[in-house]
Every structure is written in structure tokens, then in C-alpha cells.
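**Q** Numbering (our numbering), first residue to last: 1200 to 1365.
Simulated from the structure, these hints should not be mistaken for lab results.
Check before you lean on any hint, since a few could be wrong.
[Unchecked claim] With a cut-off of at most 25 Å between alpha-carbon atoms, the simulated BS3-like pairs for lysine-lysine come out as follows:
no., residue 1, residue 2
1, Lys1256, Lys1311
2, Lys1217, Lys1359
3, Lys1294, Lys1345
4, Lys1359, Lys1264
5, Lys1268, Lys1345
6, Lys1268, Lys1241
7, Lys1217, Lys1268
8, Lys1294, Lys1264
9, Lys1217, Lys1311
10, Lys1359, Lys1268
11, Lys1241, Lys1345
12, Lys1264, Lys1217
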Amino acid sequence: MATGPRYRVAFRRRREGKTDYRQRQRLLRSRIPRAVVRMSSKNTYIQFIAYDEIGDKVLASASSKELTKFGWTAPTGNLPAAYLTGYLAGLRAVKNDADEAVLDIGLRTPVKGGNLFAALKGMLDAGVDVPHGDEVIPSEDRLAGKHISDDLEAMIEEVKSRMEAD
1200 MATGPRYRVA FRRRREGKTD YRQRQRLLRS RIPRAVVRMS SKNTYIQFIA
1250 YDEIGDKVLA SASSKELTKF GWTAPTGNLP AAYLTGYLAG LRAVKNDADE
1300 AVLDIGLRTP VKGGNLFAAL KGMLDAGVDV PHGDEVIPSE DRLAGKHISD
1350 DLEAMIEEVK SRMEAD
């Protein structure tokens, strides 16, 4: 490790590999709320965040853990659950007048047709305007869960109708 009077220690979150400050600065300069999508192996977390000098303000949020409230019985770490979490977050964001956002995927590598973009598709279907390319969004069959189970499609529609009623 470099030492000496001219060595500058990087920010803590950069050292921990949690934040890319150049990318964050680019997103903040747009002055549009960020749709922050974070994923673990079992859950998806989405927040709509607006920049404020004092500290970022969360406009709306959703977690795939909340899907059980709406009748979801399948695991919460799969692609249809990410889609429904994005849909739920999008509905909440539209209620709070966050009609547009820019996608913030953090340090994750974007994979065409992956869970991150399933969450994006859910936000788009809820009415949030997010700039994107159509080639990254998963196919309708994968969003409906046909690659997992045949009866998952009916559960997805039922959960979506309960979300809209809530």
C-alpha cells in the first residue's frame, strides 16, 4: 500500500466496494429521481430516491418480502418475483408523483433478460417512465414464470390485481 504525505485514502464506501462515486455523480446530475434496484439471492429491494443536500429522500420503496401480503406463495428470489416487486414499487412511486426515474443498478453487472431488468419491466408496466433499451427486458414467458411452473401465471395476475386494489 502506498504511504507518504501525498497519499490520499479513498472514501470508505469505495474501499468496501459498495459505491461507484463517478456513476452516482452522473445519475445525480440528471436531477431525476433514481430507481435503485438491489438484489440478494432471496430478495429484491427497490427504492425511488430523490437527491437532497441534507440527505437522499426515499419517495417509494418495495421489497419482495411484501409479496406474501398480496398472495404470493412462490419463492421471492426469482424473476417473476422481481417483476412483481418492480410493479409494486412503480405503483407506489406513481402515487407519490414520481412519474419518471433513472435506473440505478449499483455495482451489479447488467445481464440481458436478468432479474434487474425484470424489475425494470415491472416499473414500466406500473406507469413509471424509465429510459431503457428494449433488448434487455426478459421475454413475456419468463416474466409470467412459464420457465418455473405452469400455474404461476395465474398467481401473478391475481397478485397484480390485489396490488392495484391496495
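**Q** For each hint given before, does the structure comply? Return the numbers of the non-compliant ones in rising order.
**A** Per hint list: 1, 2, 3, 7 violated.
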